[in-house]
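Enquirer: One line per chain: the protein sequences are A and B, in this order. For the first sequence, my numbering gives the first residue as 1, with consecutive numbering after it. For the second sequence, my numbering gives the first residue as 1, with consecutive numbering after it.
Read the hints as simulated data drawn from the structure, not as lab findings. Mixed in with the good hints, there may be bad ones.
Have a look at the derived ranges for each label pair, beta carbon to beta carbon [unchecked claim]: (1) R307(A) to T151(B): 34 to 42 Å; (2) L197(A) to N102(B): 43 to 51 Å; (3) S252(A) to T151(B): 56 to 64 Å; (4) N277(A) to G181(B): 56 to 64 Å; (5) P184(B) to G35(A): 23 to 31 Å; (6) P42(A) to D107(B): 27 to 35 Å.
Going by beta-carbon spacing under 10 Å, a handful of chain A positions derived as facing chain B [as the list claims (entries may be wrong)]: (7) F36; (8) R38; (9) A44; (10) L143; (11) P146; (12) V309.
Quick reminder that beta carbons are idealized off the backbone N, C-alpha and C, glycines included.
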Amino acid sequence: MTPVPPPPPSRPPAPPPPTSFGGPSEPGARIVERGFQRYEGPRAGVPQAIRSVTWQSIRSTLGLGRPARHKIFPVLAVAIAYVPAIAFVGLAVLVGDLLDPSEVADYASYYGFISAAILLFAGLVAPEVLVGDRRNGMLAMYLSTPLSRGTYLAAKAVAVMLTLALVTLGPPLLLLVGYTFENVGPDGPGEWLKALLRIVVSAFAISGALSAVSMAASSLTDRRAFASIGVVLLALASPAVASALVDGAELSPNWRLIDIFSMPFELVYRIYGEPGNFPELSTVSVVAVNLAWTVGGLVVVAWRYSRLVVAR
Amino acid sequence: MSRMVDASTLDPWDAVAVSPIIETTGLVMEFPSTRALDHLDLRVPPGVTGLVGANGAGKTTLISLILGLLEPSSGSIRVLGLDPTVDGPALRAMIGYGPERNVLPDDMVAYDFVRHFAQIRGLPRDEARSRASDSLYLVGLGEERFRALGTMSTGQRQRVKLAQAIAADPRLIVLDEPTDGLDPVQRDDMLGIIVDVNRNFGIDVMLSSHVLEEVERICDHVVALDAGRLVAQGSLADLAGILGGVEVELIDLADRPGSIDAVERRLADRGLSVGRSDLSLSVSGATDDELFDAVVATVAEAGARIGTLGRRRRTLDDVFTGDIVDADRSGVRQ
Numbered sequence: 001m002t003p004v005p006p007p008p009p010s011r012p013p014a015p016p017p018p019t020s021f022g023g024p025s026e027p028g029a030r031i032v033e034r035g036f037q038r039y040e041g042p043r044a045g046v047p048q049a050i051r052s053v054t055w056q057s058i059r060s061t062l063g064l065g066r067p068a069r070h071k072i073f074p075v076l077a078v079a080i081a082y083v084p085a086i087a088f089v090g091l092a093v094l095v096g097d098l099l100d101p102s103e104v105a106d107y108a109s110y111y112g113f114i115s116a117a118i119l120l121f122a123g124l125v126a127p128e129v130l131v132g133d134r135r136n137g138m139l140a141m142y143l144s145t146p147l148s149r150g151t152y153l154a155a156k157a158v159a160v161m162l163t164l165a166l167v168t169l170g171p172p173l174l175l176l177v178g179y180t181f182e183n184v185g186p187d188g189p190g191e192w193l194k195a196l197l198r199i200v201v202s203a204f205a206i207s208g209a210l211s212a213v214s215m216a217a218s219s220l221t222d223r224r225a226f227a228s229i230g231v232v233l234l235a236l237a238s239p240a241v242a243s244a245l246v247d248g249a250e251l252s253p254n255w256r257l258i259d260i261f262s263m264p265f266e267l268v269y270r271i272y273g274e275p276g277n278f279p280e281l282s283t284v285s286v287v288a289v290n291l292a293w294t295v296g297g298l299v300v301v302a303w304r305y306s307r308l309v310v311a312r
Numbered sequence: 001m002s003r004m005v006d007a008s009t010l011d012p013w014d015a016v017a018v019s020p021i022i023e024t025t026g027l028v029m030e031f032p033s034t035r036a037l038d039h040l041d042l043r044v045p046p047g048v049t050g051l052v053g054a055n056g057a058g059k060t061t062l063i064s065l066i067l068g069l070l071e072p073s074s075g076s077i078r079v080l081g082l083d084p085t086v087d088g089p090a091l092r093a094m095i096g097y098g099p100e101r102n103v104l105p106d107d108m109v110a111y112d113f114v115r116h117f118a119q120i121r122g123l124p125r126d127e128a129r130s131r132a133s134d135s136l137y138l139v140g141l142g143e144e145r146f147r148a149l150g151t152m153s154t155g156q157r158q159r160v161k162l163a164q165a166i167a168a169d170p171r172l173i174v175l176d177e178p179t180d181g182l183d184p185v186q187r188d189d190m191l192g193i194i195v196d197v198n199r200n201f202g203i204d205v206m207l208s209s210h211v212l213e214e215v216e217r218i219c220d221h222v223v224a225l226d227a228g229r230l231v232a233q234g235s236l237a238d239l240a241g242i243l244g245g246v247e248v249e250l251i252d253l254a255d256r257p258g259s260i261d262a263v264e265r266r267l268a269d270r271g272l273s274v275g276r277s278d279l280s281l282s283v284s285g286a287t288d289d290e291l292f293d294a295v296v297a298t299v300a301e302a303g304a305r306i307g308t309l310g311r312r313r314r315t316l317d318d319v320f321t322g323d324i325v326d327a328d329r330s331g332v333r334q
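Okay, chain A solo, but in the shape it has when bound:
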């Protein structure tokens, strides 16, 4: 066996340099030129690798640390999602005294103002997070690290969820905080926490379903544009098909459940205990179909990546 040479001896401490004023430096101060050397310290495991990939994916999707052209679409989508919330809070600030709290704090219907922005964002985020790695070979780079396919996908799924949460969670939270400061929010700490819990659950329910569908589409094609267009077309076509089947062909109202665009937002109404836009559907079936889209999407992603031959 070739013995591993010991790390090169560290340089002796340099004498304290003079300050720029020619006087003595601070006691013990010295310039350290460390350079590359062996690392003997602690090492983190796979959880840190997942966090690092998640954070990097979020940064990349939002265009952080990238040229300005990569920031345009995320900024637009986020702006569209927040503008109504800012307007509502502004309204509360200006005429808050005239508002009845029960009239303004409608967090469930808020998504009606921003559903298009959420959909477009969902169509953008997952393809950006997943497709590029497969196209440019970064997937093989990631899988040459402690990450496995499963942990890599987990990191990416969390990244998509958290990025989508920017538009599904942030605006209702802003509403809650704004209304609370203007005294038109939930009445009392208990109600406030209940509202917060509903906001968080609703946001992640929407993010989960749309993330899974968007990731599934992104796993089936190596072109970002195709994946994005596929997600948007699916979301736009499914309400039309559902409407044609229920309203046109007069089939069972349960055919509404194939409406992938509306069902996540319908679920939000049910979380708030409201009948929603499709009161003929049972809450159980709405929950079940959202769960099915979420799990089904993730199963497609897992199946696709398990069959992917990654070399180099």
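Given the coordinates of chain A, work out where chain B should sit on it, guided by the hints.
Expert: Chain B in isolation, oriented as in the chain A frame:
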């Protein structure tokens, strides 16, 4: 001297004590349309190892198996004492990998890229930051570390790939064609850095290349593949270098036909072993000094003329082509 250690009793980060660092037994990798590796039996000791072979020889498939990106169809593989198919995450934390393809994201800053992969390979955040800078300085990109990767030259991007491979201080780095696309000066620089990484920091290196000359320059050991089969493996000293005997290349003189035949015959008459390949004669059977004297005298007697005369050498190219005029040497060729 090799010291065999039971890897199962070691912390993965002590597995470097296991020799060989890569070992395969009957390794086969089949794809639906082709057999990429065919019953490979390898023992790769620590040091700098060159994985050589033409395109399609199976180099990349072997690297993918080392990294656990593929599962072998049959046979076994152990890297740093671990099985990549079983201990993949623990093993890959100890391996730095520099791919052949240009995978670097154009928009990303070199420093961010190196830091990101250092963190993924387990370094704490602060340590990853400082080591990203240190490794970029080591490969000569200290002043360029905050440039976007898309604005860098091919040579700089190759250096970034090397920097990210070493930043987390792995036990082994696997570099796929690290000099691909480099000009001769850049190639020299890159090979020098790779040698430094091994000699100064004790990081074992496996590099694949189809340029035999650069493997001969820096590698301690060689694994040669051809069409998925092992052509040769062993130390460079065993596979290539100076052999016993001398080699003389004669000039074919139009006015002295048969002079080369005469030299060959006269040398054999002196009791020496003579091999011939076209105009070259390989002579052995005495000390080198005696052989030089005998060749010069015989050529003069036969009225022939010497083109070149020197000790017999074997290059990796000879190993591949089997072109060496050497009947008496049984070696490491498989």
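Enquirer: Is the hinted range of 56 to 64 Å satisfied by the C-beta distance from S252(A) to T151(B)?
Expert: Given a distance of about 59 Å, which is inside 56 to 64 Å, the answer is holds.
Enquirer: Does V309(A) pass the interface hint, meaning its C-beta sits closer than 10 Å to a C-beta of chain B?
Expert: OK, holds: V309(A) within 10 Å of chain B, min 8 Å.
Enquirer: Against chain B, run the beta carbon of F36(A) and see if the smallest gap drops under 10 Å.
Expert: holds, 4 Å
Enquirer: Holds or violated: R38(A) as interface residue toward chain B, Cβ cutoff 10 Å?
Expert: holds, 6 Å
Enquirer: I want to verify a distance hint. Is the separation of the beta carbons of N277(A) and G181(B) within 56 to 64 Å?
Expert: holds, 58 Å
Enquirer: Using the nearest Cβ pair, does L143(A) come within less than 10 Å of chain B?
Expert: holds, 6 Å
Enquirer: Tell me if the beta carbons of L197(A) and N102(B) are separated by a distance inside 43 to 51 Å.
Expert: Given about 48 Å between the Cβ atoms, the range holds.
Enquirer: Should the hint that P184(B) and G35(A) are 23 to 31 Å apart at their CB atoms be regarded as holding?
Expert: holds, 28 Å
Enquirer: Hint says 27 to 35 Å; check whether the CB-CB distance for P42(A) and D107(B) agrees.
Expert: holds, 32 Å
Enquirer: State, for the Cβ atoms of R307(A) and T151(B), whether the hinted interval 34 to 42 Å holds or is violated.
Expert: holds, 37 Å
Enquirer: Would the stated hint for A44(A) survive a check requiring a Cβ distance to chain B of less than 10 Å?
Expert: With Cβ-Cβ at 5 Å, under 10 Å, it holds.
Enquirer: If you take the shortest Cβ to Cβ gap from P146(A) to chain B, is it below 10 Å?
Expert: holds, 4 Å
Every hint from the earlier list agrees with this structure, and none is contradicted.
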